[in-house]
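Number of protein chains: 2
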Amino acid sequence: MPVSLYDVSIPVLTLNLNNLSAILDKAALYEAAKKLDPKVVPQTRLIADMLPLSAQIQIACDTAKGAAARLAGVDAPKHEDTESTLAELKARVAKTLDFVKTIKPEQLQGAETREIVLQFPQTTLKFNGINYLTNFVLPNFFFHMTMAYALLRKNGVDLGKRDFLGPIQ
Amino acid sequence: MPVSLYDVSIPVLTLNLNNLSAILDKAALYEAAKKLDPKVVPQTRLIADMLPLSAQIQIACDTAKGAAARLAGVDAPKHEDTESTLAELKARVAKTLDFVKTIKPEQLQGAETREIVLQFPQTTLKFNGINYLTNFVLPNFFFHMTMAYALLRKNGVDLGKRDFLGPIQ
Numbered sequence: 001m002p003v004s005l006y007d008v009s010i011p012v013l014t015l016n017l018n019n020l021s022a023i024l025d026k027a028a029l030y031e032a033a034k035k036l037d038p039k040v041v042p043q044t045r046l047i048a049d050m051l052p053l054s055a056q057i058q059i060a061c062d063t064a065k066g067a068a069a070r071l072a073g074v075d076a077p078k079h080e081d082t083e084s085t086l087a088e089l090k091a092r093v094a095k096t097l098d099f100v101k102t103i104k105p106e107q108l109q110g111a112e113t114r115e116i117v118l119q120f121p122q123t124t125l126k127f128n129g130i131n132y133l134t135n136f137v138l139p140n141f142f143f144h145m146t147m148a149y150a151l152l153r154k155n156g157v158d159l160g161k162r163d164f165l166g167p168i169q
Numbered sequence: 001m002p003v004s005l006y007d008v009s010i011p012v013l014t015l016n017l018n019n020l021s022a023i024l025d026k027a028a029l030y031e032a033a034k035k036l037d038p039k040v041v042p043q044t045r046l047i048a049d050m051l052p053l054s055a056q057i058q059i060a061c062d063t064a065k066g067a068a069a070r071l072a073g074v075d076a077p078k079h080e081d082t083e084s085t086l087a088e089l090k091a092r093v094a095k096t097l098d099f100v101k102t103i104k105p106e107q108l109q110g111a112e113t114r115e116i117v118l119q120f121p122q123t124t125l126k127f128n129g130i131n132y133l134t135n136f137v138l139p140n141f142f143f144h145m146t147m148a149y150a151l152l153r154k155n156g157v158d159l160g161k162r163d164f165l166g167p168i169q
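The listed protein sequences correspond, in order, to chains E and V. Here the first sequence is numbered in the numbering used here, starting from 1 and rising by one per residue. Here the second sequence is numbered in the numbering used here, starting from 1 and rising by one per residue.
Some hints could be false.
Same chains, same label: a pair holds when it works inside one copy or across any pair of copies.
With a straight-line cut-off of 30 Å between C-alpha atoms, the simulated DSS-like cross-links for lysine-lysine are [unchecked claim]: (1) K104 <-> K35; (2) K26 <-> K95; (3) K34 <-> K101; (4) K34 <-> K104; (5) K154 <-> K35; (6) K90 <-> K34.
These aren't lab readings, by the way, just hints derived from the structure by calculation. Keep in mind the model is a prediction, meaning the values are calculated, not measured.
Whole structure, please, built from the sequences with the hints as guidance.
See below:
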């Protein structure tokens, strides 16, 4: 059984976006139990000069969306970063999932050698499909997924590693 | 160019363990500048009922070591969890890297379909090689990598995303 780039990309993104959605459900229970203003939890930060929860989730979503689009060679839908409540962030995850799940295995055939160029204000990064996935997408995606978990866990949301890994069996 | 399981596993682990080592160098600079007792930083936690930095690093290392061994079908070296200083934790990362780097691409041929069984006190997890990598190894490895980063970043160590991603070009 050969390994396809699809096997190690799209299902990973969908599993973990679903996990993130379930984590946000637990955050909503916490928010309700504590009777918090719905703007508070999304603005929580680990330290003042790091991004808040809302941005961690937006970036995790955009990393997944960008990966699915670039590896499949299709355009990604535009999602504005306007979310300020947990419900809105959950909807952002859902619309990201809706797009990622449209990508079919055959769309990633040959993507391992496709040149992928990322333009940033300060730099340009060039990858082939494999290196884009392994060196950019997965580390960034899991970084922001874990930061979102860390922010909620630190605030007292009832989370454990099983929530992060999700239904892996 | 077909994708091999090696391409999406061993180089990812070595790149990120090297990044972790460099992050620990920055932590050591911070510790020295603040004249901290060398036992303090390794014991830092995000919240009382989460594992400290030392354990985050030990688990990241063991996840990488276990993945390399199981996917190659070889025994992993035993590493006791005795580290209590940043220098010792850096040495733990180094000996993990020493082992992971011994694994050659040909040792992972066919590993995608190998049955991998993980025994835990409460449960048994069974995977094929691909699902073990994508659903267990990578999420766990990056989770503990990011927690280590988060703990140091929150304490004031001079870190940014570039330190986490490392030399990706």
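Is it within, between, both or neither when you check K34 against K104 at 30 Å Cα-Cα?
-> Neither way: K34 and K104 sit 42 Å apart in one copy and 53 Å across, limit 30 Å.
Measure nothing new, just compare the shortest in-copy and cross-copy C-alpha distances for K104 and K35 to 30 Å and report within, between, both or neither.
-> Answer is neither; intra-copy 42 Å and inter-copy 55 Å both fail.
When no copy is named, should K34 and K101 be tagged within, between, both, or neither for a Cα gap of at most 30 Å?
-> neither (35 Å within a copy, 49 Å between copies)
Indicate which option fits the pair K154, K35 if close means a Cα-Cα distance not exceeding 30 Å: within, between, both or neither.
-> The answer is both: 18 Å in one copy and 27 Å across copies each meet 30 Å.
When no copy is specified for K26 and K95, does a C-alpha distance of 30 Å or less occur within a copy, between copies, both, or neither?
-> Within one copy, since 19 Å is at most 30 Å while 39 Å is not.
Checking K90 and K34: alpha-carbon separation at most 30 Å within a copy, between copies, both or neither?
-> within (19 Å within a copy, 41 Å between copies)
Checked against the numbered hints given earlier, this structure breaks hints 1, 3, 4; the rest are met.
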